[in-house]
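In order, the protein sequences belong to chains A and B.
Take 1 as the starting number for the first sequence in the working numbering and just add one per residue.
Take 1001 as the starting number for the second sequence in the working numbering and just add one per residue.
Do not take every clue at face value.
To be verified - Reference excerpt, derived from the structure (chain B facing chain A, CB under 8 Å, subset only):
no. : residue
1   : Ile1010
2   : Val1244
3   : His1246
4   : Glu1329
These are computed hints drawn from the structure, not numbers from a lab.
Where a beta carbon is used, it is the ideal one built from N, C-alpha and C, also for glycine.
Number of protein chains: 2
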Amino acid sequence: MRAGPSQEDIRRHNLGALLRHVHLGGPISRAELTSKMGLNRSTIMALTSDLTAAGLVREELPRETGRAGRPSLVVRPESARVYVFAFDVGPDRLVAARVGLGGVILDRRETTRERGKFALDELAGVLSGFARQMRRKTRDDTVCVGAAAAVSGGVRKGDGVVTFGPNLMAHDVPFGEELGRRLGLGLPVSVGNDANLAALAEHSRGVGVAVRDLICLHGDVGIGGGIITGGHLLGGFDGYGGEVGHMVVNPGGRECSCGSHGCLEAEVGERALLELAGRYGPGQHGRDAVRAVVDAADRGDIVAQEALSRVGDWLGLGVANLVNIFNPEMVIFGGMLREVYLGSAAQVRSRLALHAMAPQREHVRLRTSALGDHATLVGAAELAFAHVLADPLEVLARVSI
Amino acid sequence: MRAGPSQEDIRRHNLGALLRHVHLGGPISRAELTSKMGLNRSTIMALTSDLTAAGLVREELPRETGRAGRPSLVVRPESARVYVFAFDVGPDRLVAARVGLGGVILDRRETTRERGKFALDELAGVLSGFARQMRRKTRDDTVCVGAAAAVSGGVRKGDGVVTFGPNLMAHDVPFGEELGRRLGLGLPVSVGNDANLAALAEHSRGVGVAVRDLICLHGDVGIGGGIITGGHLLGGFDGYGGEVGHMVVNPGGRECSCGSHGCLEAEVGERALLELAGRYGPGQHGRDAVRAVVDAADRGDIVAQEALSRVGDWLGLGVANLVNIFNPEMVIFGGMLREVYLGSAAQVRSRLALHAMAPQREHVRLRTSALGDHATLVGAAELAFAHVLADPLEVLARVSI
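Whole structure, please, built from the sequences with the hints as guidance.
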């Protein structure tokens, strides 16, 4: 119930909205911007001049259009000049990337890691080292405008502390603060839950573009969820919204790492699938092990087929519950759940038909992630760019080139 | 990614925001409005003049303040003059009320009904008859600015058709359209799901004021849910968001009216409780029957105690799932679930501790509805006022006094 925005707020909003068009949609003519944004030509011209002066976009003549008349200038993101650092801390790997405005991955470093304790020093050391390597290779006129990390765990709203992460053994880790200190760029590092960021990525650049109500189920060791309702990410009071992996689907079922039994994660996570397929043991984990079960089932391995069928039943029940609760337009299966869904789609659909009410499921589309294993990193980059898109000029004024 | 608002949009927003303060908070001084809305005194004066001229508010000298200096004028809603019709179609009763701006119930009619078919003609006939009776008693200078109904069923976004309502035997009923036609006020009748409207009511005027993330569980025959995330009602793609009653909590459990088994509604709804307590039979239903079980348990009736304990376990599991998924600040128990929760709070809390993750449940408060059996009607009134609050002057210009 606050008052409406001031003129300055509106200018900021419009600059951000224009930059967002260019960032997410790529090069676009002034004429198209006029029509998409519902503003007149002179306002669009003023906004693009401001963004050009700030070095965020540049304007160019389009390639030959074949049409008569003066062509409308095309506005392009300054992808090579304006960039963010995006980090992905998964259970099995660490990734760092330099991502240009417009979402272009300019440079990238990756290393595998052993599952186990969240050694803050070590992780922050490896990632900041990657960032320094990549930074040394940049031209002098480039500018880093943000940094963010995706983490497989619960991230507290406000301070970005990783409160829990059973699969990373994390507990109250000030990860963003530590990584920011080591990067030494004078920039805060935003931290987000990996499934939330995967949802954001699919919504911005993946299979869920323009879908205002979607659920992204992201599996690695556990099962995370990122939920977008009415176009907004479900955050919850403390920032832990979307933890669908601990919805109980099978009371009295398999023991879960959280201490409860029969959680979605316990019934359809990596360990459940591998155990049911008789393939759980030292060294047998990760995406390759999951793919091997699906491949074996494809080749007619009965044990693998039954494991997938059982896991698919629980996954379908979980999806049906979420469809009843959220009435989404789309459910996206990402991470290891992409493979699991592809191997058990019949079970999932059959459970959905059985347990979800007809009106709720009538328009729902089940899809696999379009961004695959890049989803969490892409989401981290979008989180890092969020400040720039909210207030383009303020950010440019703040960072030193 | 549209452009920011125009000056006219901002004026409309500010008029609506000011009126909302007066509508929800009651009489308020210009000085307080200045501080709460972050606008200067002359803007507040201009806005209140517009609303006064439109007959929506009036300005008065406050009662003796005991302080020196010129007192700030107090802005009051024109509750006796500007009103809406609010309707509540429950499984056991029909209610119609004339509700003044500011939420004052000016007049009210109620009748019981037999459970059974959703006889559109009959229901719309009774409710519009009530409205006519109440309207005949109003002064000439009163003006009806909206109408809305709460319905125990699924309401499609856009056209307000009641798509389903197992407990009302409804199926694709154009209820709002028919009621609007019979009212003959030239006003559309908005229709909302009862649990969604109960959530809206608790959020506006009940136990959940200023709570941005809440879940309202509303029980009558079935179990409905209204969910507010980040201050917004969860609608879903087709408007069916929040149907938590059909979340499966006990696979293979009790048969549900939806065709599935072990839904929250099947395990904790009215029928489950009465059957488990050995009190299910012809004529034994409704709030009184539920209360009788809770009273019997209080008096030491073992069967009633065991029934409540069992139902409380499933209710607690359902709440734990929702807390994991939404990380809400508050869960509200309304309708017959108010009684059930009061009779089984220990079970609910114990299940919550067992199945919800610690960070998600750390700040959640479990509360009973503050509005009780009025919640759905109050929610309908808020829905009816929504148009006026979105654009106060447009609505006044449209309706004839």
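The hints, checked one at a time:
no.	hint	verdict
1	Ile1010	holds (4 Å)
2	Val1244	holds (6 Å)
3	His1246	holds (4 Å)
4	Glu1329	holds (4 Å)
In this structure, none of the earlier numbered hints is contradicted; all agree with it.
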